[in-house]
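Peer 1: Going line by line, the protein sequences match chains W, V, E and X. Residue 12 in the working numbering sits at position 12 of the first sequence, with consecutive numbering throughout. Residue 88 in the working numbering sits at position 88 of the second sequence, with consecutive numbering throughout. Residue 57 in the working numbering sits at position 57 of the third sequence, with consecutive numbering throughout. Residue 108 in the working numbering sits at position 108 of the fourth sequence, with consecutive numbering throughout.
What the hints contain is simulated information worked out from the structure, not anything from laboratory work. This structure is a prediction, so every number in the text was calculated from the model and none was measured. Hints may be right or wrong, so weigh each one.
These stretches of chain E come out as covered by chain W in the derived footprint (C-beta under 8 Å, 3 or more residues) [stated by the list, open to error]:
1) 142 to 153
2) 192 to 201
3) 228 to 239
4) 356 to 365
Derived lysine-lysine pairs resembling DSS-like cross-links, with alpha carbons at most 25 Å apart [unchecked claim]:
5) W:103 - E:352
6) E:373 - X:165
7) E:75 - W:172
8) V:24 - E:373
Where is the CB? At the ideal position from N, CA and C, for every residue including glycine.
Given next are the chains, with one letter for each unit.
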Amino acid sequence: MSEMQEGRTLPQSVQESAAAYGIIREAFGSAVSDFDANETMPFFEVLETERWQEIALFMRDHPKLRFNYMACLSGVDYPAEEKLGIVCNLESLGEFGHRIAVKVKCARDGGSIPTAAYVWHTANWHEREAYDMFGMQFAGHPDLRRILCPEDWEGYPLRKDYAVQESYHGIKVPY
Amino acid sequence: MSEYFNNIKTGAVTIATGMGITLKHFFNAVKRKGDAGIDDADYFRQVDGLCTLQYPREAIPTPVNGRYRLHNNIEDCIGCGQCVRACPISCISMETIKVTPDDLAVCGKTSDGQQKKFWVPVFDIDVAKCMTCGICVSVCPTECLVHTPVSDFSEFDRSNMIYHFGNLTRLEAEAKQRKLAEVQAQAAKEKQAAAAKAATDKAQAENSGQ
Amino acid sequence: MQELEVAGQGSVRVSRKDNDVVVIEKDLTTEEMLLSMGPQHPSTHGVLKLECMTDGEVVTSAEPYLGYLHRCFEKHCEMVDYPGIVPYTDRMDYLAGMNNEWAYCIAVEKLLDIEIPRRVEFIRVIVSELNRIASHLVAIGTYAIDLGAFTPFLFCFRDREHILSLLEWASGSRMLYNYIWIGGLSFDVPADFPKRLKEFVDYFRPKAVELYRLLTENEIFVKRTKGIGIMPADVAINYGWSGPMLRGSGVQWDLRRNDPYSVYPELDFKVPVPDGKFSVVGDCLSRHLVRALEMEESLNIIEQCISKMPGSEGFDARAAVPKRVRPKAGEVYGRAENPRGELGFYIQSDGKSTKPLRCKARSSCFVNLSAMKDLSKGQLIPDLVAIIGSIDIVLGEVDR
Amino acid sequence: MSVSAIPQISLPFLMGNSLNAWSDALAGLTISWFPLGLVIIAAIPLVFIALYALTYGVYGERKISAFMQDRLGPMEVGKWGILQTLADILKLLQKEDIVPASADKFLFVVGPGILFVGSFLAFAVLPFSPAFIGASLNVGLFYAIGIVAIEVVGILAAGWGSNNKWSLYGAVRSVAQIVSYEIPASIALLCGAMMAGTLDMQQINLHQSGPYGFAHFYLFQSPIAWLPFLIYFIASLAETNRAPFDIPEAESELVAGYFTEYTGMKFAVIFLAEYGSMFMVSAILAIVFLGGWNSPLPNLGALALYDWTSGPVWGAFWIISKGFFFIFVQMWLRWTLPRLRVDQLMYLCWKVLTPFAFIAFVLTAIWEIYVP
Numbered sequence: 001m002s003e004m005q006e007g008r009t010l011p012q013s014v015q016e017s018a019a020a021y022g023i024i025r026e027a028f029g030s031a032v033s034d035f036d037a038n039e040t041m042p043f044f045e046v047l048e049t050e051r052w053q054e055i056a057l058f059m060r061d062h063p064k065l066r067f068n069y070m071a072c073l074s075g076v077d078y079p080a081e082e083k084l085g086i087v088c089n090l091e092s093l094g095e096f097g098h099r100i101a102v103k104v105k106c107a108r109d110g111g112s113i114p115t116a117a118y119v120w121h122t123a124n125w126h127e128r129e130a131y132d133m134f135g136m137q138f139a140g141h142p143d144l145r146r147i148l149c150p151e152d153w154e155g156y157p158l159r160k161d162y163a164v165q166e167s168y169h170g171i172k173v174p175y
Numbered sequence: 001m002s003e004y005f006n007n008i009k010t011g012a013v014t015i016a017t018g019m020g021i022t023l024k025h026f027f028n029a030v031k032r033k034g035d036a037g038i039d040d041a042d043y044f045r046q047v048d049g050l051c052t053l054q055y056p057r058e059a060i061p062t063p064v065n066g067r068y069r070l071h072n073n074i075e076d077c078i079g080c081g082q083c084v085r086a087c088p089i090s091c092i093s094m095e096t097i098k099v100t101p102d103d104l105a106v107c108g109k110t111s112d113g114q115q116k117k118f119w120v121p122v123f124d125i126d127v128a129k130c131m132t133c134g135i136c137v138s139v140c141p142t143e144c145l146v147h148t149p150v151s152d153f154s155e156f157d158r159s160n161m162i163y164h165f166g167n168l169t170r171l172e173a174e175a176k177q178r179k180l181a182e183v184q185a186q187a188a189k190e191k192q193a194a195a196a197k198a199a200t201d202k203a204q205a206e207n208s209g210q
Numbered sequence: 001m002q003e004l005e006v007a008g009q010g011s012v013r014v015s016r017k018d019n020d021v022v023v024i025e026k027d028l029t030t031e032e033m034l035l036s037m038g039p040q041h042p043s044t045h046g047v048l049k050l051e052c053m054t055d056g057e058v059v060t061s062a063e064p065y066l067g068y069l070h071r072c073f074e075k076h077c078e079m080v081d082y083p084g085i086v087p088y089t090d091r092m093d094y095l096a097g098m099n100n101e102w103a104y105c106i107a108v109e110k111l112l113d114i115e116i117p118r119r120v121e122f123i124r125v126i127v128s129e130l131n132r133i134a135s136h137l138v139a140i141g142t143y144a145i146d147l148g149a150f151t152p153f154l155f156c157f158r159d160r161e162h163i164l165s166l167l168e169w170a171s172g173s174r175m176l177y178n179y180i181w182i183g184g185l186s187f188d189v190p191a192d193f194p195k196r197l198k199e200f201v202d203y204f205r206p207k208a209v210e211l212y213r214l215l216t217e218n219e220i221f222v223k224r225t226k227g228i229g230i231m232p233a234d235v236a237i238n239y240g241w242s243g244p245m246l247r248g249s250g251v252q253w254d255l256r257r258n259d260p261y262s263v264y265p266e267l268d269f270k271v272p273v274p275d276g277k278f279s280v281v282g283d284c285l286s287r288h289l290v291r292a293l294e295m296e297e298s299l300n301i302i303e304q305c306i307s308k309m310p311g312s313e314g315f316d317a318r319a320a321v322p323k324r325v326r327p328k329a330g331e332v333y334g335r336a337e338n339p340r341g342e343l344g345f346y347i348q349s350d351g352k353s354t355k356p357l358r359c360k361a362r363s364s365c366f367v368n369l370s371a372m373k374d375l376s377k378g379q380l381i382p383d384l385v386a387i388i389g390s391i392d393i394v395l396g397e398v399d400r
Numbered sequence: 001m002s003v004s005a006i007p008q009i010s011l012p013f014l015m016g017n018s019l020n021a022w023s024d025a026l027a028g029l030t031i032s033w034f035p036l037g038l039v040i041i042a043a044i045p046l047v048f049i050a051l052y053a054l055t056y057g058v059y060g061e062r063k064i065s066a067f068m069q070d071r072l073g074p075m076e077v078g079k080w081g082i083l084q085t086l087a088d089i090l091k092l093l094q095k096e097d098i099v100p101a102s103a104d105k106f107l108f109v110v111g112p113g114i115l116f117v118g119s120f121l122a123f124a125v126l127p128f129s130p131a132f133i134g135a136s137l138n139v140g141l142f143y144a145i146g147i148v149a150i151e152v153v154g155i156l157a158a159g160w161g162s163n164n165k166w167s168l169y170g171a172v173r174s175v176a177q178i179v180s181y182e183i184p185a186s187i188a189l190l191c192g193a194m195m196a197g198t199l200d201m202q203q204i205n206l207h208q209s210g211p212y213g214f215a216h217f218y219l220f221q222s223p224i225a226w227l228p229f230l231i232y233f234i235a236s237l238a239e240t241n242r243a244p245f246d247i248p249e250a251e252s253e254l255v256a257g258y259f260t261e262y263t264g265m266k267f268a269v270i271f272l273a274e275y276g277s278m279f280m281v282s283a284i285l286a287i288v289f290l291g292g293w294n295s296p297l298p299n300l301g302a303l304a305l306y307d308w309t310s311g312p313v314w315g316a317f318w319i320i321s322k323g324f325f326f327i328f329v330q331m332w333l334r335w336t337l338p339r340l341r342v343d344q345l346m347y348l349c350w351k352v353l354t355p356f357a358f359i360a361f362v363l364t365a366i367w368e369i370y371v372p
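Okay, chain W solo, but in the shape it has when bound (with noise of 0.2 Å):
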């Protein structure tokens, strides 16, 4: 919350989603990092990855935080740190109208998240797509498959250090 006393005024969404992440804050304490109160798209980081599932069904049940709705989950690369990331924005749909972005990193060989695909349905498909472009597993995944690429196919095209494939059944690939 130490952005909030800066003097800055910051937009009232950002505010709001300060306020929220205050008691994500009070409820789990160092397992998330501090907020980042940037305009554009306010966010934290779920620090102790395992929890993740915990924390993302206290979001969609907590009475007053109540994000029922994932808008996007997009999967990073974060090549310096050595790790892959999801970036989860949310939001409470209908309710109280508060957005923030929350971001999950784990390591960038045989990596894992907690799914959060039994929390909202959109995570399903998103985390499919994030494995399929990033290879990060998501522990507990029901139906963790491939779901744009072939289920064939070498390596995981968003990486950074990602180098195709020569041929895919005979097939030149590079172009």
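Got chain W sorted already, so can you dock chains V, E and X onto it with the hints?
Peer 2: Just chains V, E and X now, with coordinates in the frame of chain W:
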């Protein structure tokens, strides 16, 4: 039971309504839509009736700002290469040769009076690849690269889809290249000579100074 | 009536319990048949594949398979600079290119923090509402075809043609516009454009009524769609549904109203939601109805824009277009109300490059389609077709 | 208006007064042992089906649908695209005749044949003119209803033989649909037969003859006749798999239903059979309720319109025009309406058409007994 009869009634009524609409269109088939373009003031006064236009003979006219086949007025092209860099799909390929000082007059100026400094022997646009986004046109400083409203330019051979706009033939280009190389070699030699001369002059001056 | 229809389904009884569990009861055990629907099937709207397990005509489960039209949009974005991505967004949901461009530009403009000229905003509203009508026309037309009515489809396309002509006149291109640029427009609309637009609105109003009478009110159409594929509001939200799909479930949620952007706060329009009189809230008919009513609202918006739009004197459509788009380091999630729902772009910029570090498109169809597995459980094959049609997917956006 | 009160009208044209004069004469024509006349009689409906399917069935439907949808329709081959159907036939003839590897070859080949024979056999009892009928049966109507059921066998053979899931779905749907709709259709026709007191098609026509033209048609003789007329029309749509009951070939659901796997001439035969049965049901509708080959024009004093427009050739003209009119209505419906679902189709048949058909049956009986 009343729901049962209501269902039959609404069914019959709505089916009859629908049939009335189609029959109206059936009898309206004596009229045909005209082929005025959208930029014509009477456009919406001629849209009643059968709307098919038989394509190769009749077509919806493309408005004048239609953004289709790329065209380059090579006379105005200064060979800056902005379009090549801007194209998201790299469908433009370009080679340039610097104009030698004595050729500047031959190379000429653009229509707005800017001196052209490059020969453009190769300016190829693969219109088969081009997605007519118009980004290249927007960056062109001399407005020589334009999208024309010509929308139908199909070819039987794919190689015909590569449009060549270069203003030199291959032989000419080679000649210009040689000339440039000569001029550059000359310039380099002169520069070298000048440098050497300067050095000797300096040495002499130093010598004479002593 | 409803019971009779359920009983008509033969050896299989399908019921939906309160807690959203579909129960399939069978009198006789029969062997289930695996039916592969698509990717080349007339009513999967492109290259969607559904692997259905069927018991007679009843689909006991359907698993969608995507990716047949995957064109690596997100990978491309990391290779192309910011303005160069705009034409690629056109190709995602190719039925509503203007709306896609706009959503993307909203995201980038948010990151750049630039002021957009007022006339540009109005023109953006006009073109994207036009495109919304065009897109809904295709949705309604193809839905009619899915249910076996061919004529409304052609009526829809006839009218869409005029919209495409209008947009071509404005932007120079018929489908893939690249008209809305980051910070502006590629150029101003022609001088006569508002006048022609007005004529179009006058032309289209009666046609929309005719379409409504021909298709939406038709008893067979109602019977085919009413009560089919019901999605309760809370489940719809949990599935991340948006746009007409969510409104069909009775949630009055429209980004133009609830997360207003551009000049929408100044415009007066309704957000139609089904009232449950003509349709069952959340069924296929509601979703169709929302689209049909939204066209009317779009016409209203266009009319208001024509009268409110500032004049073109001294107007430069590219005045606010940055010479070189290099946003500060940061992330943004920008979104806009597309004909198919919320189209969002998550963009990550490192502050140095002119290319985004990561650009993720949250496509509405992708999310809407993910409910297909749940919706299709226990439906008849014709109903499955009706449900796919009502989701109104564009595979270009699903697979990106 | 009693049926017997109508005098035997004279048929002034060409060949005498008696019914079936042409066909009787043709039947007697043999060259040594070869029954050439019978072959010609059989060939006439066949040629008729082919010609009508070619012109009105395909080209007409394409044009009608186009006009209803604000389109032009085929325009390229010949003036106004008149030769388009010929071009299509040529294309179909050239096509490779594919039998899928996993298909049941015998059923696959035999299916379209049975289908066509089924619809063609019914033409034997259709009176094309007062002077021409393929086979003058005293149970003509019954025969026509019965023989159409053979189509079901053809459809099932085609659908099962294709060894394709969509085809199977189409075939099963089609069988269920046709068998179900036989019931209201037959009962509705029975009402007509009851009014005529005979099942002989020529006799039914004859009973509707009279100088007042259309006033003698059953549809205008009794108001109750409208009910079986409508029921039979709706049921006939279902029997010929026309929209809105085209669920066996429902394009958007079952790709093409039972003929998904067919190409070339086999496909053409299926198409021909479909158009054949379209005309067949329309003609039956015209015969039973709208006077068949009788002219609808009444004699108005000195304007003896009825007499001028009666005769064997006029008769052929009238019955074909009436048939074509109903085919137009079929097309009109097809290009207006969405498609029903399977269970709704059955609902309509068993819960709406069948009870109403029974009611119509009883009412007609009462009408026939108590109304002179």
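Peer 1: Decide, hint by hint, whether the structure agrees.
Peer 2: Hint check results:
Beta-carbon proximity to chain W at under 8 Å applies to 0 residues in the segment 142 to 153 of chain E; the threshold of 3 is not reached and the given coverage is violated. Given as covered by chain W, the segment 192 to 201 of chain E fails the check, having 0 residues with a CB less than 8 Å from a CB of that chain where 3 are the minimum. Only when three residues or more bring their CB closer than 8 Å to a CB of chain W does the claim for the segment 228 to 239 of chain E stand; here the count is 5, and the claim holds. With 3 residues having a beta carbon nearer than 8 Å to a beta carbon of chain W, the segment 356 to 365 of chain E meets the requirement of three or more and the stated coverage holds.
A C-alpha spacing of about 22 Å is found between residue 103 of chain W and residue 352 of chain E, which places the hinted pair at or below 25 Å, so the restraint holds. For the suggested pair residue 373 of chain E and residue 165 of chain X, the alpha carbons sit about 21 Å apart, so the restraint of at most 25 Å is met. Of the pairs offered as hints, the one joining residue 75 of chain E and residue 172 of chain W holds, with about 18 Å between alpha carbons and a cut-off of 25 Å not exceeded. Among the hinted pairs, residue 24 of chain V with residue 373 of chain E is inconsistent with the structure: their alpha-carbon atoms are about 42 Å apart, more than 25 Å.
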